Amino acid sequence: MKIFLSHFIYFMHSGTSRRNLKVLLWLLAALTTLITVYSILFHVLMMQEGRPFSWITGVYWTLTVMSTLGFGDITFSGDVGLVFSMVVLLSGIVFMLILFPFTFIQFFYAPWLEAQSASRAPRELPEKTSGHVVLTHYDPVSSALIHKLTQYGYPYVLLVPELSDALHLYDLGLKVVVGDLDSPETYRKVRVDKAALVVMTASDVANTSQVFMAREMADKVAIVATARDPASVDILELAGCSRVLQLGEMMGQALARHARGGSVSARPIGQFSHLHIAETTAAGTSLVGQTLKDISLRSRVGVTVVGLWERGEFQTARPETRVGSDAVLVLAGSQRQLETYNQQFRLPRTSDVPVVIIGGGRVGRAAGRTLEEQGIDYLIVEQLPERVHKTGKYVLGNAAEFGILSKAGIMETPTVIITTHDDETNIYLTIYCRRLRPDIEIIGRATLERNVATLHRAGADFVMSYASMGANALFNLLERSDILMVDEGLDVFKVKIPASLIGKSLANSSIRRETGCTVIALAKHDHMEINPDPTLKLSADMEMILIGSVEAENLFLKRYGTR
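In numbering that gives the first Met the number 0, the protein residues as written are 0 to 562.
Each hint should be verified, as a subset may be incorrect.
No farther apart than 27 Å at their CA atoms in a straight line, the calculated lysine-lysine pairs in the BS3-like style are these [claimed, not checked]:
| no. | residue 1 | residue 2 |
| --- | --- | --- |
| 1 | K147 | K557 |
| 2 | K523 | K503 |
| 3 | K188 | K174 |
| 4 | K536 | K557 |
| 5 | K495 | K147 |
| 6 | K219 | K147 |
| 7 | K503 | K493 |
| 8 | K174 | K193 |
| 9 | K493 | K193 |
Simulated from the structure, these hints should not be mistaken for lab results. Computed from a predicted model, the values in this text were never measured in an experiment.
Put together the whole structure using the sequences plus the hints.
Listed below in structure tokens is the structure:
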């Protein structure tokens with residue numbers, strides 16, 4: 000009954016629905032009047048034939064004739080009565096079989112179904128809502144962010160301007176609110192002034208308008224927007240944006256940092272208080288071919304190897320783990336410890352041959368600028384003439400043609416970076432480049448997370464997901480003190496010491512063996528001990544900082560039940 004009332008109230012709020020209901024009531028009144036008149040005429044004509052009937056019989060006869068059921072138990076014998084019967088029959092066909100059903104469906108049933116569907120998509124959040132994340136656009140980045148927010152228990156709401164789109168997303172299990180994105184009232188209804196973060200990932204122009212509207216309703220809330228054009232950064236900040244992310248620039252920089260040819264050193268990828276997380280390639284170093292037990296980086300330079308990336312697969316570091324030539328090591332330590340590592344294992348520039356970048360869009364150009372900053376030469380293969388700059392570092396043509404790739408130096412370069420925004424094209428080019436050069440390093444970009452594994456199977460050595468990278472960057476802006484996303488599916492998180500581990504040493508805890516997570520620091524009050532002594536006893540007033548894949552983190556929380 001409560002659901003029926005809510006649907007009815009929503010239905011009656013619409014002016015069109017009220018007008019439609021009036022039309023339907025008018026038709027019902029006309030039909031009732033017609034039935035009454037026919038019933039009276041039935042009595043008059045039957046009395047003329049000398050056959051009196053009750054008033055109920057008159058209504059019964061009228062309804063059976065108008066509905067074309069006509070049981071034949073009561074019929075006229077005179078011509079006047081027969082003509083009257085035909086008039087009643089024809090009017091019944093028009094009213095009861097054509098006009099009334101059409102009017103009922105058109106003016107009542109269809110609007111009622113529409114109102115019932117619309118009532119499923121709310122237009123306002125409860126007044127007590129707070130600490131939530133407001134998103135204004137649904138795309139691969141926001142989809143990945145919603146997945147992470149759900150995983151870590153963060154409330155969120157997705158603003159959708161069109162009801163049909165909102166219902167579709169609602170049916171997919173997303174929490175949506177219908178409202179115009181250019182109306183301050185919409186942001187008031189989603190309690191933007193009490194939100195933890197507002198995220199806008201649409202076009203630069205749309206983001207600017209939405210930021211301005213949201214800032215009018217919330218002057219202290221953090222508002223984050225993405226920007227495609229560097230010129231839009233200042234405009235978005237003037238509109239009220241707290242932070243502007245250029246995801247294309249970030250993606251290009253991240254891809255370029257993994258290219259061979261430059262100096263080999265540990266590159267920071269995240270920071271958790273005084274704890275630094277870094278990546279370094281093993282190729283060309285003395286680490287290749289050795290096990291982590293033989294390398295003993297902890298005793299030599301103080302850093303801990305928490306895991307290795309091999310073709311997109313993160314492997315938890317174990318003593319027997321052997322370092323391959325394609326491995327990317329994930330290191331944890333203080334800034335001084337990482338500097339010590341670089342002093343011992345840093346390699347000078349290994350190649351003078353330009354790195355080949357396929358795709359001269361935002362990501363490709365950003366990758367080129369980053370390589371140039373590292374002292375690495377590059378050439379960009381671009382098919383569109385308007386994207387080719389007169390710098391001498393471009394090759395105009397289709398990257399699927401061997402002649403074009405050969406001109407760019409595909410047969411000599413140590414690395415090719417594939418940066419187009421189309422995943423199918425990237426898979427196509429990855430397969431082609433791998434067949435041409437089995438020994439080349441292929442770095443690829445995936446727009447959708449689900450295509451990362453496909454690109455690895457196609458032959459890519461390293462792949463970054465645009466959606467995942469953007470979601471990680473946005474999630475970290477929530478400034479949670481207990482979790483940091485540092486890489487594709489790799490998290491640093493802080494928990495209180497589980498009751499079952501109090502009094503045990505790290506060496507006896509078996510955390511890495513049982514869960515795949517590595518303890519990289521212990522915090523006690525305001526002091527953090529990075530890469531603590533394995534013999535140190537764990538106490539209840541400590542917190543441990545761990546690193547591991549999402550699966551390993553979930554396994555740890557399931558095993559020890561604490562956050």
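Now the hints, each set against the structure:
1. K147 - K557: Measuring from Cα to Cα gives roughly 18 Å; hence the hint holds.
2. K523 - K503: It holds: about 16 Å lies between the C-alpha atoms, which stays within 27 Å.
3. K188 - K174: Answer holds: K188 to K174 is near 14 Å, not above 27 Å.
4. K536 - K557: Holds - the C-alpha atoms of K557 and K536 are around 23 Å apart, at most 27 Å.
5. K495 - K147: With Cα atoms ~22 Å apart, K495 and K147 stay inside 27 Å; holds.
6. K219 - K147: holds (24 Å)
7. K503 - K493: At roughly 18 Å apart (the allowed maximum being 27 Å), K493 and K503 satisfy the hint.
8. K174 - K193: Measuring from Cα to Cα gives roughly 17 Å; hence the hint holds.
9. K493 - K193: The hint holds at about 26 Å.
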